[in-house]
Each structure stands twice: as C-alpha cells, then as structure tokens.
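J.: Could you put the whole structure together from the sequences, leaning on the hints where they help?
So the chains spell out like this:
Protein chains: 2
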Amino acid sequence: MIIIKIGGGGGINIAGVIKDLAELDEQFVIIHGANAIRDKLAEDLGTPKKTLTSVSGYTSVYSDEKLIDLMMMTYAGLRNKRIVEMCQQNGINAVGLSGLDGKAIQGKRNQGIRVREKGKLRLIRDFSGKPKAINTSLLQLLLDNGYVPVLCIPIIDENNFAINSENDDIVGVLQAHLKADKIVQLIEAPGFLDDKDDPTSVVKQISKLELQQREEQVEGRMKRKMMALRKLFEAGDVTVYIGDGRIENPVKDALAGKGTTIK
Amino acid sequence: MIIIKIGGGGGINIAGVIKDLAELDEQFVIIHGANAIRDKLAEDLGTPKKTLTSVSGYTSVYSDEKLIDLMMMTYAGLRNKRIVEMCQQNGINAVGLSGLDGKAIQGKRNQGIRVREKGKLRLIRDFSGKPKAINTSLLQLLLDNGYVPVLCIPIIDENNFAINSENDDIVGVLQAHLKADKIVQLIEAPGFLDDKDDPTSVVKQISKLELQQREEQVEGRMKRKMMALRKLFEAGDVTVYIGDGRIENPVKDALAGKGTTIK
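Same order as they appear, the protein sequences are chains E and C.
Numbering (the numbering used here) for the first sequence: 1 to 263.
Numbering (the numbering used here) for the second sequence: 1 to 263.
None of these hints come from the bench; they were simulated from the model.
Values in this document were obtained by computation on a predicted structure and should not be read as measured data.
Possibly wrong hints are sitting among the right ones.
Since the list can't tell identical chains apart, any single copy or any two copies may satisfy a pair.
[As the list claims (entries may be wrong)] Simulated pairs of lysine to aspartate or glutamate, EDC-like, Cα-Cα distance not exceeding 16 Å:
hint: 1; residue 1: Lys182; residue 2: Glu26
hint: 2; residue 1: Lys40; residue 2: Asp69
hint: 3; residue 1: Lys263; residue 2: Glu219
hint: 4; residue 1: Lys120; residue 2: Glu158
T.: Next comes the structure, spelled out in structure tokens:
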C-alpha cells in the first residue's frame, strides 16, 4: 500500500503523476491539495483569503463559511474531478471523496484562535480543525472492489460540519489506519532542502533520528511539517519519499530515490 | 427504491428536502442540479455562460472546457458537498459522486451542433453528450453498505472525458438500471402546470397515455422534458411525483400527492 500526497501548488505535473501511478503494481490511495487554484479563485472573485495571527505568533488561513465554499469548489470540485478524469483516462478507476463523503476523514473542530485586536484579546472560531480518524472500512470497500480513493479536504467535524484541515496531518491519520509501507509526497521542490533557498541542497537521506534534530532547528510552518513527518513513523515501519512534483516522472523518480528518502 | 431528483434552481429548500429524506423508510439515491449557482459563479467571474442555437432551432449551453471547470466547481464541488454535509447532519451517510467517479454515469459525447455563422454552416463540438449507462455495481455496493449515493454531472464519455448532460436524461438511465418504484422530482413550481404562467393550474394526476398527448402539444425544452418523463415508464411500473422543492416538506408533500402524480 502506498499513500500518494500531491501538493496543491500550481506547478505540479498532475498528468505525469497519474501516468506514473498507472504503472504501479501496488494498491494506493491519493490525497491532494488545491491551494493554488483556491487562492486564484478567491482573487478572481474579489475575496482574497484572510489570515489570522494568533497571540502565540502562528499564522493560519481564516476558514469562514465562504472559504469552505471555495474549498468545496476547488479541492472537492475542480481539482478532485480533473484528477479523477485523468485517472480514468489512464485506466485507474478512481473515486473522488472529500472527508465529508461517507465520513471518510473525521476531525475535531478547533476551539478558536486567540488574536489581539486593538489591544484586546479575542477568541475567533472558524471552520478548521484536526483530523482524528478515517473511515477505513469505506476505503477498504472501494479498494477491494478495484476503485482507487482520491481524497481531499474539507473533512467532517464532530458535529458533521465541513472543516478545513492540514493535509500533512491527514496523511498522518491515514497512515495510522492504513499502515502503508511507502508514502510519496510530491512538492514544488526537488526534495527536502538543507537550505530552503538553494534547490541544489537536496538532502538525499534522512534517518528518523535526524528528523527530530532538524525539527528543533526550524520554526513556524516548517516545524509543523517536520513534526507531521516524524509522526508518520509512529504507526510502524514506513519509507517516506519526498519528490519533485514538477518533473516528467514525479512518482517513479521519487520512488527511485531521486528526491529525499526518509526511513 | 426511490430516485430523488433535486432541481438546480436557487429557490429549492435543500434543508427541507434532506430532513424529509432522513425520515424515509426506503432506500434512495439522490441526483441534483446546480445551474443557479453555476450561472452565478460564471457571472461573478465575468464569464457568463454562452449558448448555441442549432440550425434546427434548439438552444443549448455551450459546454467548453471552461464550463466543465465551472460545473466541477459548482455541481460536484459546492452543491454536492453541501448536500452531503446536510445529509450527514441528518444521519444520512451520503457519498457524493460525479459521473466520473468510478464511472458512475457513462455517456456518449455529441458529434457536434450544427450552427449558422455569418451565413455559413459550421459544426461546433463541445463537451456534452447523452447518458447511456450507470455503474450499477458501484451504486449497489454503496447502498448495500449503508451509504446513500448523491449523484451529479459531469458524466464520463466513451473516451473518459468529462461531459455535460441533461439530468432529465440521466434520471431515465438511472431508472432503466435501478428500476425504482418511485421517482420524486423537486422543482421550483407547485407541480406540473397546465398553464406554465399560472401556478394555480397544477395538474394533480397524469396518466401515461396523457403524457404522450401533452408531449405533442408543447415545444422546445418542455417537449424534451415531457419525452424524458415518458421514457421513465419504459423500464416498468413506476410512480413519478413532481413536487414543489421550495416548501417546508418537499419530499413528504410530493409523496402525499400534493404536486403532480404520474402513473
């Protein structure tokens, strides 16, 4: 079993990814982003995304009802269905599912984000949260019958509302349930970079131990990403491949170790 | 088995529909439209929908790649996922599927529409077509495991491309496969009207024979709708309920015969 995570950047070569996947001999599930087309649609509609900065200094997208609408349009709508279409054109019988469908990805809504406004503390609650569980039986039902699940946000919260969530965290929960032996993460960089501004600084191999050390050296969003990576190993042995999603053979090259391999 | 068709008008009381469905004792599948929100998104993006008028006088939406994008965003994205969310909030374990997902709804692409441009005949081929088959085994797999399929366009053509299609025709193909004993069609009118401009002219009952006579009296889009209705009876005995989707209890009232009943 392989979990394929396709980043939501505009430069990802989706057609190349799907062509590679059509030649895989193993079962796989796909989870994808769509932030580039979401942000573009928001701009085109004259409602650019808003961000919140918490008192602890962490910045996140403000997921109000309007943003969830946009996510349904771009993640579960445009990006998901174009990926499913390309899968079908390559002989992969894909079924696209948001986290709402059959409660495929279940989460817990955040209590709120503490922000400072005009000197006063305020708690702002939006539609965002953490993934907690997967409807494994639905995914297994589809896989057993020859269908490939293509997953995306929004996910469903404890009161059955659609909420935004981080794909890095969802991959963690997927792995806790599916116990894949390989996870491929396709991004808009040649792999994990030692220096984020130097594309030639790809780290070929990282050990589990090294992950923790590196996590302590970075901050902000990168720290969260490193923590999410480290958690992937909690469910058991797995190899994580971080590869360039922009090239001709994103999946093949990642699995061949041309990006970063973590084990 | 009941097939529930929810019209794509802006006035449909979706929450009321779902509340009614939660109390049904029979299996059902949902198919929904979204033309109001599709047209609004197109306007908001400054790309209002284009129509084509064939030399035979029939007008249809010009389904170019951009329109399919919009349909993925609004039918398979926003409308489908908000319906699934509302279903989950009412205890219905819904799974939203476009016709692409698992090839749920398969069709054949139109050869082209003959139009006259500057006095010359031209064949314009867009991404539209007729539904031909349903992946019944996928729908049955979901139903047998307690999931309710929530279907929408686009559907998938013979070369695995996403195409636009008429929901009236899709309901016909669904019925040919599922052989439901009831079909509920929820629209923005109190039922089938004798005079389309007079909402008090609801026809309470229509027989199959009468359908054919009425089909000969009307024209254009209405003729196509009447033909689609008549075809529903070709798969065997069924009762078709045409009801007001804008009221408090759209499904209950339709099934109670408060709209138009055809059998």
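J.: Can you name, in rising order, the numbers of the hints this structure does not satisfy?
T.: Violated hints (numbers, rising): 3 and 4; every other hint is consistent with the structure.
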